[in-house]
Amino acid sequence: MKYSKVFSVLALCLLLFNFQCDEDEVIYSDCDTLVIVDNTAYENSESANYSIVNYEIEGDCLNIEISSSGCDADAWQLSLIDSGSVAESFPPQRYLKLELFNNEACLAVLTKSQSFDLSSLSIEGTTEVVLNIEGFEESINYTY
-9 MKYSKVFSVL ALCLLLFNFQ CDEDEVIYSD CDTLVIVDNT AYENSESANY SIVNYEIEGD
51 CLNIEISSSG CDADAWQLSL IDSGSVAESF PPQRYLKLEL FNNEACLAVL TKSQSFDLSS
111 LSIEGTTEVV LNIEGFEESI NYTY
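Just so it is clear: in the sequence shown, position 124 is 114 by my numbering, and no numbers are missing.
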């Protein structure tokens, strides 16, 4: 009888070990920030007073340099917001807004660079997506 109890406890332990939680997948990015995919945030975002100085894509990062008036560009907060909608064209298209939070009232014109991780914007079944960012003069082709 002792062997059946030991066997039962051992079987129960093995069963419980089988139900261990998997470790959460940690996403590492070389970019400064992630793109926000949220239609409500996209619709509620406001255009800010800034100019795009330069942009480039390096891997999955979109590097953007903007200029605006202010006292200290380190206090600025930049967000890239995707509408969550995908235009079914070839290649598919996404619509985004760059939002700048800048509450400074100085007359100096400063620049700031920030990179955004575009990997969440990839679309299954294709290796390219066209990014239409409000305020940009041209579309950006993101290949992954």
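What the hints contain is simulated information worked out from the structure, not anything from laboratory work.
The C-beta atom is built at its ideal place from N, Cα and C for all residues, glycine as well.
Watch out, some of these pointers could steer you wrong.
[Said to hold, decoys possible] Cβ-Cβ distance ranges computed for the label pairs, FRET-style:
| no. | residue 1 | residue 2 | range |
| --- | --- | --- | --- |
| 1 | N93 | G115 | 18 to 28 Å |
| 2 | D22 | A98 | 34 to 44 Å |
| 3 | T133 | A95 | 36 to 46 Å |
| 4 | V27 | E48 | 12 to 22 Å |
| 5 | E118 | C96 | 18 to 28 Å |
Quick rundown of the hints versus the structure:
1. Range check, N93 to G115: about 43 Å between beta-carbon atoms, so the 18 to 28 Å window is missed.
2. At about 23 Å, the CB distance of D22 to A98 disagrees with the hint of 34 to 44 Å.
3. The supplied range of 36 to 46 Å is met by T133 and A95, whose beta-carbon atoms lie about 41 Å from each other.
4. Judged by the Cβ atoms, the range 12 to 22 Å given for V27 and E48 holds: they are separated by roughly 21 Å.
5. A hinted range of 18 to 28 Å for the beta carbons of E118 and C96 is inconsistent with their spacing of about 41 Å.
In this structure, the earlier hints numbered 1, 2, 5 are contradicted, and the remaining ones agree with it.
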